[in-house]
Each structure stands twice: as structure tokens, then as C-alpha cells.
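Number of protein chains: 2
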Amino acid sequence: MNTKSITTPITKLCGIRYPILQGGMIWVSGSRLTAAVSNAGGLGVLGSGSMRPDALREEIQKTRSLTSNPFGVNIPISFKYTEEHIKTVCEQRIPVVITSAGSPKKYTETLHNAGCKVFHVVPTAMLARKCEDAGVNAVIAEGTEAGGHNGYEEITTMVLIPSVRDAVKIPVIAAGGIMDGRTMAAAFALGADAVQIGTRFAASEESDAHPSYKQAIIDAKEGDSLLLLKKLGPTRMIRTPFALKIKDKEDAGAGKEELVALLGEHKAREGASLGNIQEGILEAGQVISRINKIQSAGDIVAEIMNEFAIVCGKMHNI
Amino acid sequence: MNTKSITTPITKLCGIRYPILQGGMIWVSGSRLTAAVSNAGGLGVLGSGSMRPDALREEIQKTRSLTSNPFGVNIPISFKYTEEHIKTVCEQRIPVVITSAGSPKKYTETLHNAGCKVFHVVPTAMLARKCEDAGVNAVIAEGTEAGGHNGYEEITTMVLIPSVRDAVKIPVIAAGGIMDGRTMAAAFALGADAVQIGTRFAASEESDAHPSYKQAIIDAKEGDSLLLLKKLGPTRMIRTPFALKIKDKEDAGAGKEELVALLGEHKAREGASLGNIQEGILEAGQVISRINKIQSAGDIVAEIMNEFAIVCGKMHNI
Chain A
3 MNTKSITTPI TKLCGIRYPI LQGGMIWVSG SRLTAAVSNA GGLGVLGSGS
53 MRPDALREEI QKTRSLTSNP FGVNIPISFK YTEEHIKTVC EQRIPVVITS
103 AGSPKKYTET LHNAGCKVFH VVPTAMLARK CEDAGVNAVI AEGTEAGGHN
153 GYEEITTMVL IPSVRDAVKI PVIAAGGIMD GRTMAAAFAL GADAVQIGTR
203 FAASEESDAH PSYKQAIIDA KEGDSLLLLK KLGPTRMIRT PFALKIKDKE
253 DAGAGKEELV ALLGEHKARE GASLGNIQEG ILEAGQVISR INKIQSAGDI
303 VAEIMNEFAI VCGKMHNI
Chain B
3 MNTKSITTPI TKLCGIRYPI LQGGMIWVSG SRLTAAVSNA GGLGVLGSGS
53 MRPDALREEI QKTRSLTSNP FGVNIPISFK YTEEHIKTVC EQRIPVVITS
103 AGSPKKYTET LHNAGCKVFH VVPTAMLARK CEDAGVNAVI AEGTEAGGHN
153 GYEEITTMVL IPSVRDAVKI PVIAAGGIMD GRTMAAAFAL GADAVQIGTR
203 FAASEESDAH PSYKQAIIDA KEGDSLLLLK KLGPTRMIRT PFALKIKDKE
253 DAGAGKEELV ALLGEHKARE GASLGNIQEG ILEAGQVISR INKIQSAGDI
303 VAEIMNEFAI VCGKMHNI
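Line order of the protein sequences matches chains A and B. Positions in the first sequence are counted from 1; adding 2 to them yields the numbering used here. Positions in the second sequence are counted from 1; adding 2 to them yields the numbering used here.
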């Protein structure tokens, strides 16, 4: 393997050296992290789901001042500023736009007309097929071990990736449980053309996550990742005091209204951005138990690619 | 890769040609399936958790009449016939005994003294470490996508295997979501020395599963696998009418007593052995959505090994 660059359908689509996308996480993925990942040869992605329209424009400009490499923007389809964000990325001709949490039909044509590639996040092979029909360029198949918003079907990466691979002809990016060269190699064995990594980059030096949030990722042990809010929209988070409040309510049979009342507003901002690890929500994947240090995004990418090459070499010698 | 046989620490421990173990499933893994898998070069495993002491002895004799290759016996540690079963496998000098659902300390020494190798099933790296301390020969690390009884921590195979690999020096067998050459290759990329496959063999010709149970596996679609009974002991099963009754109770906050009352007795036997797919429990893994035909166990093993060799070859050329 040439470790200076790898060619897959995704590296070609994105114009990047390594088939690694950084997850566009709310309150976490700003211009510093995005530029650092793109400078390291992966695809950095701004998380616009926590940005006002002017903030997104500003972050795009900042990213451009920090890197001349391609980067992407993640836009949740049901966000209150979705329309404005779509306009912004079209005007700015962002090379890759990642849409999620809504129908892939809604904006794909608009984005294509502006010259943007469109990747859509899917938790099932059924939605992957709909994405292909809608003309999406690639799907990001995200297993239930991933942090943040998650599919109702709770399909794990090990089952999801081969299912999606068999369901569509467009490229597949694997997400959920991926954090190093071994898990990246596993994703490729399952049929992926690239990986998306979220939580490990959330704990990187360049991430906008509050230091207490990063430390909570580092400190987390096996079993400290909980999939909650299944009646509202399954969300994977760290076992904080507030997460346990949600769990207690759910175990007691709480319905949607009661959960909405408990949640209130801005819990993700409170946790991720303001660092209130008692009362905020800290979205993160199951890999929190495997992450034990804060590194630069560049070191993370380099370390993953080195291990990936070693593991792929070993596979040949079995 | 030599596809006639592969050498890993597990093939050496078991004296088998291929690093594939068949899950010892209650009501499903009898002498026919066990012998068929062992004859195909894997390790067939009797599921003693649904057998009376005389039935286990009979099944061991039958298996021996059908194969001269090594095979194993799975013994749940908290079963009412555990003591008798342990005596039987010691007397019969079964080469590999797989213990689960209890402390690895309890029987390992007894089994070792009788010349049996001991593999213990674990849902966490923490328990894997305890197994190593207890002198177990290998651990079967089973992700939450696996069928039947499951860990409370709900750790997926993608996260669990590298965690366990890093936690212990003894060999690691991956289970949960494994059903073909791609998933087997992924397990090896994650650090496994072998795989355990349950659900696909449950749907094989030689399995003792009722034909209606096999058909339910074939018919199942994405999302038809549910992890239920989390307050009693998490169990993954097919979305049958009875499974939905459990789910409704749980969503309404039912406690242990209410769930025990709903369950009554013999639900697994009713589903798996008697084929009552309305009122029985059909334990099965998430891979049900990927299984679409009933094959002989020998064809399954051969197909997996062929695909495994192809995938490992491709990994080298990335």
C-alpha cells in the first residue's frame, strides 16, 4: 500500500488523499478542526447544525483561510436554518455537502446544480436505496454505535455496511465504531470505500468541544455509552448525570411529552460547548471506551493510515 | 491464502482446519448440525442448554457416530443441569467446552483437569480480563448484534473485538454480526483469531430449528431484530407477535415481575423447537436481514471460506 495516498471512489469524488471523512458534529466541528483534517489529507467537514447563517458563512471563510484543500459541510435537513445553509453552500460552491435527518430528494438537485457533490447519512439499506434513486453521489452508512442521532432500527456497523454495499452501486462510507486502522480495515473488508470518524476527532486538539467534554470522552469506560430518547429520536450520548435522568424516565415508561419536558432546550450546547457535564448532553459514540488521549487531528489521521496499512498487509498473510 | 486450511491460534487449540465455530444454540444445535460443521472443517458445537443429562450424552454419542473430527459443547453456567453436564463433558473428554452466562472461575479448573479446553463467552473487555485470570484458553467476544442472550452494555462487535484484543493475550473469537467471508475478514481485521457463527447455521439444513423458525429467519427484513428483556437479561429475537407484546410492556415501563409473568415458561422451546412463531420466542441475530436461503452447513462453511480468501486478497491491493 502507498501510504502517501490511496485511491477509492470516495477519494476521487472528494479530491482527497485518504478515504477518511471527519464527522460534521454540532458545536464541535468548526473551521479549526475542518481545516486540520483537510490539511492532513482527509475531508474535514463543518457541522452547520449548530450555526446561524452568518456563523456558517464566517466558518467557511475561516476554513478557506486555513486550508486550500477540499472540505465539506454537514446540513441536517430539518434544521431551522436549513434553507439559508443550502443557499450558502451553493453560493460558496462547497465541494461536498453531507445531508442528514430528512429526505434525500429535497435538496440533492439544487446542490448538484450548484456543483456540489451530495452524500446522505443512512441508518438502513432501505434508505440507501432511496438515496441512490434520488441521485445522491454516495451514502454514509452509520451503525448504531455512532454518537449523536441514530436510526430507530439500531443496526450495527457490522451488519449495516454489507447490507448497504449489496443494496446500492454508489460508493459507501462507513460510520459508527470507526476510530483507528483496525476498524477502518474492517470497514473496507465489509465493502466500504471510505470511513467517517466523529468521536475521536471530537476529542482532538482542534475540536471546538469544551475541554470538559473532551475529558469526558477520555475518561469514559466500557458501558458508558447510552442510546437514549428512542421514542423521540434515538441519540447516543455519554452516561452523564443528565443522561441517567433520561434513562430513569424511559425505564419507567415515560412518553414523548414527558421526555420533551425533561429535555428542555439547548442541552447539546450546554454539554458540548459550555462544558456542563452534569446537566448537558454529551453526544458521543461507543468508541469513547477506546479513546484515551487528546491528539492533533493530523496525528490522528497519520496514525490511522499507518495502522490501516499494517492491518491490510497482515490480511494478505492469513 | 491456502483455502484448504488456515492456521490461527484457535485452529491449533481446537485441531480444526478453518477458524469457524458454530454457535451452540439451545433447541437448534444438535448432533446433525454439530457433526456437519465439524465434517466441513469448522468446530461444531452442541447446545446443551436445552438438554437433559441423558439427552446430552445421547447427542454426544450421535455426533461421534457422524464425525471423527473434534467438536465442542456449550454449557450455560446457570442452567439447572450444569453440574451433570460438566461431569458428562469431563467423562467424555470433549475437546472444547464453551461456558457462558456465569463466572469463568467456576468450572475452568475441573474442565482443564479432564483435558478439555475452555472458551468463555464475554460481552465486555472487563470480563475477558477475568477469563484470562481464571485460566480460560480463549474468549468468545460477542457483540450486541448477536442472537439470544446478550450483554447489558450493548457493545457492538466493531467496538468490542479491538477492546478485547487489547485487553487479553489469549486468543479471541469474534461473534455477533458474522455470517459470511466479508464479516469474517472484518473480524480478523479487528484482531480476532476465529469467528463464531450462530444464526446462519440455525437456518441450515442440519439445524434442529423448526422449519417455521428457519423460514422466519429467511423472511426477516431490516429492523426485524429486537433486543428485549433488558431488565431481566437482554435477549435478541425476531420481531414476532409475542416479541411485540414484550416491547409494548417495556415501552410502558414494565418491571421485572410483570415481564416474568408475561414470559411464563418454555417460550424459547415453543418458538425454536415447536415452531409457534406467534407466541414463541425466536432468538436470532441482526444478520437475519442478510440471510435469504437455507443451505447445508458444509456449503455455508465452503462459501464463507471462499469469500474470506477473496476479501483478504483484495485488502492487500488497496
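Bear in mind the hints are in silico, worked out from the structure with no lab data behind them. There's no promise every hint is true.
Just so you know, same-sequence chains aren't split out, so a pair can sit in one copy or run between any two.
[What the hints assert, rightly or not] Straight line, CA to CA, 35 Å or less: simulated DSBU-like cross-link-like pairs of lysine-lysine:
1) 247 x 119
2) 295 x 171
3) 316 x 249
4) 258 x 295
5) 295 x 132
6) 107 x 89
7) 107 x 223
8) 89 x 295
9) 316 x 89
10) 251 x 171
11) 316 x 233
12) 89 x 251
13) 132 x 223
14) 64 x 233
15) 108 x 258
16) 316 x 251
17) 316 x 82
18) 119 x 233
19) 132 x 119
20) 251 x 119
21) 89 x 223
22) 89 x 249
23) 108 x 6
For this session: Would you list, in rising numerical order, the hints stated earlier that this structure does not obey?
Result: Violated hints: 1, 3, 4, 8, 9, 10, 11, 12, 14, 16, 17, 20, 21, 22, 23; rest satisfied.
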